[in-house]
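A.B. asks: For reference, each letter of the sequence shown is one residue, going 36 to 205 in my numbering.
Be careful, since some hints might not be right.
With a straight-line cut-off of 25 Å between C-alpha atoms, the simulated SDA-like cross-links for lysine to any residue are [unchecked claim]:
#, residue 1, residue 2
1, Lys65, Asp204
2, Lys65, Pro88
3, Lys103, Leu70
4, Lys65, Arg94
5, Lys65, Thr140
6, Lys65, Tyr143
7, Lys103, Leu138
8, Lys103, Pro90
9, Lys65, Ala179
10, Lys65, Phe183
11, Lys103, Asp91
12, Lys162, Glu151
13, Lys103, Leu72
14, Lys65, Pro163
15, Lys162, Gln121
16, Lys103, Phe155
17, Lys103, Ala75
18, Lys103, Ser69
19, Lys162, Trp174
20, Lys162, Gly146
21, Lys65, Ala99
22, Lys65, Ala192
23, Lys65, Glu139
24, Lys103, Glu92
25, Lys65, Pro154
26, Lys65, Lys103
Label-pair restraints from in silico Cβ distances [claimed, not checked]:
#, residue 1, residue 2, range
27, Ala99, Arg45, 44 to 54 Å
28, Leu170, Leu87, 11 to 21 Å
29, Ser51, Arg198, 34 to 44 Å
30, Asn185, Ser41, 33 to 43 Å
31, Ala191, Ile60, 37 to 47 Å
32, Trp174, Arg58, 22 to 32 Å
33, Arg182, Ser73, 19 to 29 Å
Since the hints were made in silico from the structure, they are not lab data.
For glycine and all other residues, C-beta sits at the position ideal for the given N, C-alpha and C.
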Amino acid sequence: MISQTSSLARLAETDSGISESYRHITKSVKPGESLELSEAVIKWYEVYPQDLPLPDEIRQLARACLTKTPLEFPGLGFVLLHRCGQDFYFLIACTWRNNNEILETVFYKDGVAMSEFAPFPREGSHKPAFCVWELVPVWHEQQAWVRFLNSPRDEAAAQMWVRDQYEGDA
36 MISQTSSLAR LAETDSGISE SYRHITKSVK PGESLELSEA VIKWYEVYPQ
86 DLPLPDEIRQ LARACLTKTP LEFPGLGFVL LHRCGQDFYF LIACTWRNNN
136 EILETVFYKD GVAMSEFAPF PREGSHKPAF CVWELVPVWH EQQAWVRFLN
186 SPRDEAAAQM WVRDQYEGDA
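Could you put the whole structure together from the sequences, leaning on the hints where they help?
C.D. replies: In structure tokens form, the structure reads like this:
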């Protein structure tokens, strides 16, 4: 058991990584039409506040970004288009590599100041990964990938994998 004078107690009170003004909300996760690229087949997810769905123009910009930007690591994967607040968006493209690992490429669009998505700058050694909302479809995709790994891994299994998507609250 951790004592009250421990790092846990101190961090919980002073530096938990949560600002005092933060109020957590429920977001929606909605699957979209998969994207078939020359080097990848990508399942599509949209994550957004329940009262603020994604504008179609943002969806089109995101799909165009992935169509014209070759992924460094091709294959089977999924993408998360996440609306963060009013007009900031993350576009996280993930592919399965090395049998059981997710590799990711992260793009972003910050309001009207940016006409299209651009690679998200990621300096330093301790980098952001997924937020609590993004982890919901990521968890589903982990389980879908395990089902695919345990299948014959043929075209029929791949078709089943493409159709296996999450929709609901995050």
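A.B. asks: Now, for every hint given, state plainly whether the structure supports it.
C.D. replies: Hint by hint, here is what the structure shows:
Restraint check: the Cα-Cα separation between lysine 65 and aspartate 204 comes to about 9 Å, which is no more than 25 Å; the hinted pair holds. At most 25 Å may separate the alpha-carbon atoms for a hinted pair to count; lysine 65 and proline 88 meet this at roughly 10 Å. At roughly 12 Å between alpha-carbon atoms, lysine 103 and leucine 70 fall within 25 Å of each other, so this suggested pair holds. Between lysine 65 and arginine 94 the CA atoms are separated by roughly 12 Å; this keeps the pair inside 25 Å, and the hint holds.
Among the hinted pairs, lysine 65 with threonine 140 is consistent with the structure: their alpha-carbon atoms are about 20 Å apart, no more than 25 Å. Between lysine 65 and tyrosine 143 the alpha-carbon distance is near 19 Å, which keeps this suggested pair within the 25 Å criterion. A C-alpha spacing of about 19 Å is found between lysine 103 and leucine 138, which places the hinted pair at or below 25 Å, so the restraint holds. For a cut-off of 25 Å, the pair hint linking lysine 103 to proline 90 stands: about 20 Å separates their Cα positions.
For the given pair, lysine 65 sits about 16 Å from alanine 179 by alpha-carbon distance, which is consistent with the 25 Å threshold. The straight-line distance between the Cα atoms of lysine 65 and phenylalanine 183 is roughly 21 Å, inside the 25 Å bound, and the hint therefore holds. As the CA atoms of lysine 103 and aspartate 91 are separated by approximately 18 Å, the hinted pair is consistent with the 25 Å bound. In summary, the hint linking lysine 162 to glutamate 151 is supported, as the alpha carbons are separated by about 23 Å, within the 25 Å threshold.
At roughly 9 Å between alpha-carbon atoms, lysine 103 and leucine 72 fall within 25 Å of each other, so this suggested pair holds. At roughly 23 Å between alpha-carbon atoms, lysine 65 and proline 163 fall within 25 Å of each other, so this suggested pair holds. Between lysine 162 and glutamine 121, the direct Cα distance comes to roughly 24 Å. Compliance with the 25 Å bound is thereby established for this hinted pair. Between lysine 103 and phenylalanine 155 the CA atoms are separated by roughly 16 Å; this keeps the pair inside 25 Å, and the hint holds.
Note on lysine 103 and alanine 75: the hinted pairing holds, with a Cα-Cα distance of about 13 Å set against a maximum of 25 Å. For the proposed pair lysine 103 and serine 69, the alpha carbon gap of about 16 Å is at most 25 Å, so the pair holds. Restraint check for lysine 162 and tryptophan 174: satisfied, since their Cα atoms lie roughly 19 Å apart, inside the 25 Å limit. A threshold of 25 Å between alpha carbons decides the hint, and for lysine 162 with glycine 146 the separation of about 23 Å falls inside it, so the pair holds.
Annotation: proposed proximity of lysine 65 to alanine 99 holds, straight-line Cα distance about 19 Å (limit 25 Å). Straight-line distance between C-alpha atoms of lysine 65 and alanine 192 comes to about 22 Å, which keeps the hinted pair within the 25 Å bound. In summary, the hint linking lysine 65 to glutamate 139 is supported, as the alpha carbons are separated by about 20 Å, within the 25 Å threshold. The straight-line distance between the Cα atoms of lysine 103 and glutamate 92 is roughly 16 Å, inside the 25 Å bound, and the hint therefore holds.
A C-alpha spacing of about 23 Å is found between lysine 65 and proline 154, which places the hinted pair at or below 25 Å, so the restraint holds. As the CA atoms of lysine 65 and lysine 103 are separated by approximately 24 Å, the hinted pair is consistent with the 25 Å bound. Taking the beta carbon of each, alanine 99 and arginine 45 are about 48 Å apart, inside 44 to 54 Å as hinted. Taken as a hint, the range 11 to 21 Å holds for the pair leucine 170 and leucine 87, whose Cβ atoms sit roughly 20 Å apart.
Remark: the range hint 34 to 44 Å for serine 51 to arginine 198 is upheld by a beta-carbon distance near 40 Å. Taking 33 to 43 Å as the suggested C-beta distance range, the pair asparagine 185 and serine 41 conforms, at roughly 42 Å. Checking the proposed 37 to 47 Å range against alanine 191 and isoleucine 60 shows it holds: the Cβ atoms sit about 40 Å from each other. In this structure the hint that tryptophan 174 and arginine 58 lie 22 to 32 Å apart at CB holds, the actual value being about 23 Å.
Against the hinted window of 19 to 29 Å, the Cβ-Cβ separation of arginine 182 and serine 73 comes to about 26 Å, which satisfies the hint.
Comparing the model with each earlier hint shows no violations; every hint is respected.
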